[in-house]
Amino acid sequence: MNSKISKYLHYLSLLIFVAFAVLLLYINREVLYTAHDRSEFLFGATFFKIIMLKPFGLIQYVGAWLTQLFYSPAIGACALGLIWTCIFYVGAKAFRLKGNASALMILPIACLLTAVVDLGYWIYVFTIRGYFFSQSVGYLMMVTLLWAARCTPRKWHLLWYLFAVCSYPVLGWFALLFIVCLALTEKPSWSELVGLLLLFTTTIIWRRLLYSNIKFEEISLAGFPIFEIPSSRSDFLSVPFWVLGALSILFVLFSRFLTKWYVSILCSLIGIAFTLSLSFYDKNYIDEMRMVRCAEKENWKEVLNIAIGNPKPTISMVMLKNVALMNEGGLLDISFKMGNDTYPISNPDSIPVSFLEIASPVVYYNYGLVNESFRLAFECAVQSGFSPCYLKMLLSCATANGETELVNRYEAHLKNQLFYSDWQPNPMNKNIKELHNSYPDELTGVENSDSYLVNSLSLWYDADSKLASEQALFYSMMRCDSRRFWASLRNYIKFHTNEVFPLHAMEAYIMYFDKAPEEKKMKLPVSQDVYDHYNKFWTTLETLIKSGMDRNKIPEQMRSEFGDTYWYYNVFRRKIYK
Amino acid sequence: MIKQIYSYSLSLAISLMLFASCVSHPDVPSSHRECQELPAIFPDYCDVTVPCNIAPLNFMLPANEYSKCVARITTPDGVQQTYGKGVKVQIPISEWRDMLNVSKGKSLKVEVWGEKDGEWLSFAPFDIRISNDSIDEYISYRLIEPTYVAWAYMEIAQRNLSSFEESQIFNNEITSNDKTIGQCINCHSYQNYKTDNMLFHVRLSNSGTVIVNDGKISRVNLKRDYTISSGVYPSWHPTAKLIAFSTNLTRQAFHTQNLNKIEVYDLESDLILYDVVTDSVSVVSNDPDLLEVYPTWSADGNYLYYCKSVPLPEELRGEGNDIRTTYQKVQYNLYRKSFDVTTHNFGEEELVYDAASQDKSVTVPRVSPDGRFIMFAQGQYGCFHTRHSDSDVYCMPLEEGEATAESLTLFNSEGYADTYPSWSSNGKWIMCSSRRYDGTYSRLYISHFTDGKVTKPFLLPQEDPEENTFRLKCYNRPEFMIEPVTISVEEFSRVFPD
Chain A
30 MNSKISKYLH YLSLLIFVAF AVLLLYINRE VLYTAHDRSE FLFGATFFKI
80 IMLKPFGLIQ YVGAWLTQLF YSPAIGACAL GLIWTCIFYV GAKAFRLKGN
130 ASALMILPIA CLLTAVVDLG YWIYVFTIRG YFFSQSVGYL MMVTLLWAAR
180 CTPRKWHLLW YLFAVCSYPV LGWFALLFIV CLALTEKPSW SELVGLLLLF
230 TTTIIWRRLL YSNIKFEEIS LAGFPIFEIP SSRSDFLSVP FWVLGALSIL
280 FVLFSRFLTK WYVSILCSLI GIAFTLSLSF YDKNYIDEMR MVRCAEKENW
330 KEVLNIAIGN PKPTISMVML KNVALMNEGG LLDISFKMGN DTYPISNPDS
380 IPVSFLEIAS PVVYYNYGLV NESFRLAFEC AVQSGFSPCY LKMLLSCATA
430 NGETELVNRY EAHLKNQLFY SDWQPNPMNK NIKELHNSYP DELTGVENSD
480 SYLVNSLSLW YDADSKLASE QALFYSMMRC DSRRFWASLR NYIKFHTNEV
530 FPLHAMEAYI MYFDKAPEEK KMKLPVSQDV YDHYNKFWTT LETLIKSGMD
580 RNKIPEQMRS EFGDTYWYYN VFRRKIYK
Chain B
32 MIKQIYSYSL SLAISLMLFA SCVSHPDVPS SHRECQELPA IFPDYCDVTV
82 PCNIAPLNFM LPANEYSKCV ARITTPDGVQ QTYGKGVKVQ IPISEWRDML
132 NVSKGKSLKV EVWGEKDGEW LSFAPFDIRI SNDSIDEYIS YRLIEPTYVA
182 WAYMEIAQRN LSSFEESQIF NNEITSNDKT IGQCINCHSY QNYKTDNMLF
232 HVRLSNSGTV IVNDGKISRV NLKRDYTISS GVYPSWHPTA KLIAFSTNLT
282 RQAFHTQNLN KIEVYDLESD LILYDVVTDS VSVVSNDPDL LEVYPTWSAD
332 GNYLYYCKSV PLPEELRGEG NDIRTTYQKV QYNLYRKSFD VTTHNFGEEE
382 LVYDAASQDK SVTVPRVSPD GRFIMFAQGQ YGCFHTRHSD SDVYCMPLEE
432 GEATAESLTL FNSEGYADTY PSWSSNGKWI MCSSRRYDGT YSRLYISHFT
482 DGKVTKPFLL PQEDPEENTF RLKCYNRPEF MIEPVTISVE EFSRVFPD
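Residue numbers (the working numbering), protein chains in the order written: chain A, 30 to 607; chain B, 32 to 529.
I should point out that these hints are in silico values taken from the structure, not numbers from a laboratory.
All residues carry an ideal CB built from backbone N, CA and C; glycine is no exception.
There's no promise every hint is true.
Said to hold, decoys possible - Using 30 Å as the maximum straight-line C-alpha spacing, the simulated DSSO-like pairs for lysine-lysine come out as follows:
{"#": "1", "chain 1": "A", "residue 1": "K78", "chain 2": "B", "residue 2": "K225"}
{"#": "2", "chain 1": "A", "residue 1": "K550", "chain 2": "B", "residue 2": "K99"}
{"#": "3", "chain 1": "B", "residue 1": "K504", "chain 2": "A", "residue 2": "K83"}
{"#": "4", "chain 1": "B", "residue 1": "K484", "chain 2": "B", "residue 2": "K225"}
{"#": "5", "chain 1": "B", "residue 1": "K210", "chain 2": "A", "residue 2": "K78"}
{"#": "6", "chain 1": "B", "residue 1": "K484", "chain 2": "A", "residue 2": "K244"}
{"#": "7", "chain 1": "B", "residue 1": "K210", "chain 2": "A", "residue 2": "K83"}
Stated by the list, open to error - From the derived model, a few chain A residues whose C-beta atoms are all more than 10 Å from chain B:
{"#": "8", "residue": "A275"}
{"#": "9", "residue": "D470"}
{"#": "10", "residue": "R602"}
Stated by the list, open to error - A short list of chain A residues far from chain B (calculated; beta carbon distances all over 10 Å):
{"#": "11", "residue": "L43"}
{"#": "12", "residue": "Y62"}
{"#": "13", "residue": "I112"}
{"#": "14", "residue": "I337"}
{"#": "15", "residue": "N430"}
{"#": "16", "residue": "E432"}
{"#": "17", "residue": "R519"}
{"#": "18", "residue": "Y560"}
Extracted from the complex, chain A is given alone in its bound form:
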């Protein structure tokens, strides 16, 4: 093929891949923000010493620092892009990829890109410090070393092997990859044999010399991302890194055969296909992140906007929506209209991520349960790191509790972060204050679920607070608990005399009056329309049952007419709060 066309194709391929990467990162901008928000980087020698306890620690430290840049996803993405551009150019020289073959470097970059966008819900629980940058930085250092080594005479290779062994505490598994790549660049000789011998002994040597306080399996292939938490493991997420290593070896062995004109376009397409096949995208996953971010800023209108646009919300989204309605008004008028059915998160690895990790601290905080919010933020931080998200929450709780010195401690940590020098928690708003002051001190167990929150809020039906009476009534309805409903309705009425009976409360009242009345009936005026609608609900239901319709299909059949009522939730709800 004409060399000019071949060149154009080459650049076009690169352009296509770059465009794809930019688009993918743009789509995942909320994920990038969350990456920074859930990644631990602490200022001071203490954190540095801890991270340096393991090989690859220095690069992880650098990675952890760089991850702060995702505070602004655009800046973080540019930094990543810069590193990948360097990898592209330096890698092409290190692997001696000339002309079209240089497009092969798209593939390692596709691996690194995939590693950023394939995490899914692991982003909330994984504990690999500096993950989002450290592998890119490590690979860049590896190819730079390889380039430098291949620029030196072959007789120096032995020194390079020794250098790689020495650099294992810094480079980790990339030092081993470097040895393999360099050894395969030349025909085997005794120095390559020594290199391969060193490959297998490096870890043992360093464990004896420096890392005897650490288990052997944590030293071997140091820095290679292993996705493991106490109850789950994902080998799938390590695939991009195995491919990255394998590609580097293949480049050394076969790059000279890969100079055809179509290599560029092929690499671009393979890179895109690889990334797309492994990347994670789920609307709820993104919406949860957006809602949590808005909730932290007390931007409740936006929380509601996101909730309105999402027909199948997760538990976290429903809880956040109800907090937003508490703050914006209309909880007992539109909450069930907007839907309180919850749907499971898209979680292919079945990792134990729930409301606890995603949104519980901010939800508990906004319900005035400051100690609980502090505990949950703390539990999460202990396990996955004192990231900005948890530091901000701990600081907010300490401020709310008036623990000045504790505020100073967390503030000192945040102030030393790149983008939080001026960050201050929102002053405790009047709703949080009112709820906080109205709840009694109780001793609770290790409960931390959404059902615990629903249970607690519905249990405090005798609280001396207007807002708490509304919450107790609402959550007794969420629990479909007639006993608590009647108790909380009494309290609610006491605080809401001469106010309009909210629609959902009225719906629940009509239903419980009919199906689960108290001995001493409480009579309240209700709208004739709502009452008629209620009767129609049961008539329709009975008709459908009598018609022999599959019971699983009845909810769908009734949704259009009754899906916005409390009765529909009560009878067909997907989530049962006990």
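Given chain A, work out where chain B should sit, using these hints.
Chain B in isolation, oriented as in the chain A frame:
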């Protein structure tokens, strides 16, 4: 060796980073405004008494108020030196040692200047008294987050008090072989402040009690059919190879409003005696209705002191009275039993201190090395005072006569938990774990002790005073040692199966 070199190099690198720009001898500000108050330095070392072998008392002015700090230290022989970089005053160890050497039994005079809003303020000078009494060279503690349910990495560490060197005795990862349950390590304990006879527990994954007997390491299971649990809170007999333990069935719960936040309580607890030589366990006290905990030996080994709950009021006993409703009524008194080291027999129980009659509860007793005093933590209720803000350290003479416990007021903080007191081997220094800094992260405070009188406590010095802020761990169970643990983490790990 190489590990040590690396560790020193790393420390050196960090120190260089910190100090390269930090160690300086700045000029005293030429113009300044006189200020009558003492400087608000952190840690507060104003007018403290310190051992003659303590590490430099580095401090700082609050970074949110001041931009610079200069301190001038004058030794009793009139030699002056200034320190200060930014808001921190960090004194090189060698210079500090020279100052201590010429100041034993006397005082260092410290003058501090702070720059605030472009103006230098000169504060009232203060003294640091250098005691002739030295302190044990090492302490050990567990570093752990002020945890609720979850925990992650934790370590038992030892610290040289004459320098800033800190090293690991054990961590909870090296032998953990089941990530689903994890591992917890706790309750390090030494015989007579020496480390050739010591122990610590490993819980959950790969569990057991690691016992070092004359330098030989073994891992034992202290649980017997007739005990509630394996050994928990330990105390080595001062002369025999015997260890008293409590056995506990412990639970925790969380306050929804109270700033104590966490409540830890025992559902059951007894006392046992473990014979290291014969690997046998005998029961010391196991009242089925009451709770015995925190055994500790007298200095001569002739008495075992411990805490024991008093019966609950009649109306709170029986079913329907959950511990969550009765926990505030569970109070412990201090008792002792005589002990015959030749027969291993215990005598009758004697009440030593009746805390419950004063509506109080006593925990973690420790007898002074000369046997004249006993220290303990006292709060309003319960057995886990580390989470009770009303907990203070008390001291009581053990000599004949009517003894009363006095709060070590100067040693204690106001409104924060002060607990886990311990004595240095010469009985001249006492240490406690206190949450006084921020109510959450416990730190170690040390005071000079003479005949029941204490001096103002000082916070364990750190190379960088901000370390106290940036370290998000608690200092748990501080113990004095006259020598370091020389067994490495890896050597300890060998007694565990892979």
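Reported absence of A/A275 from the contact zone with chain B (all CB gaps over 10 Å): About 28 Å separates A/A275 from the closest Cβ of chain B, which puts it past 10 Å; holds.
Pairwise hint evaluation, B/K225 against B/K484, where the allowed Cα distance is 30 Å at most: holds, 27 Å
Are the Cα positions of B/K504 and A/K83 separated by 30 Å at most? holds, 19 Å
Confirm or reject the statement that A/L43 sits farther than 10 Å, beta carbon to beta carbon, from all of chain B. Correct as stated: the minimum Cβ-Cβ distance to chain B is 41 Å, above 10 Å.
Status of A/R519, Cβ more than 10 Å from any chain B Cβ: holds, 23 Å
Restraint check for A/K78 with B/K225, where alpha carbons must lie at most 30 Å apart: The given pair, whose Cα atoms are some 28 Å apart, holds under the 30 Å limit.
Quick one, are B/K210 and A/K83 close enough, alpha carbons at most 30 Å? Holds, because 18 Å separates the two Cα atoms, which is no more than 30 Å.
Beyond 10 Å from each Cβ of chain B, as asserted for A/Y62: At roughly 24 Å from the nearest Cβ of chain B, A/Y62 sits farther out than 10 Å, so the non-interface label holds.
Hinted pair B/K210 and A/K78, Cα distance within 30 Å: Given pair B/K210, A/K78 holds - Cα atoms ~24 Å apart, limit 30 Å.
A/E432 and chain B, when compared Cβ to Cβ, separated by more than 10 Å: Not fine: 6 Å to the nearest Cβ puts A/E432 too close to chain B.
Agreement of B/K484 and A/K244 with the hint, judged by alpha carbon distance not exceeding 30 Å: Judged against 30 Å, a Cα distance of about 48 Å means the pair is violated.
Per the stated criterion, does the least C-beta distance between A/I112 and chain B lie above 10 Å, as a non-interface residue requires? Since the minimum Cβ distance to chain B is about 25 Å, A/I112 lies beyond 10 Å and the statement holds.
This entry does not satisfy hints 2, 6, 9, 15, 16, going by the numbered hints stated previously.
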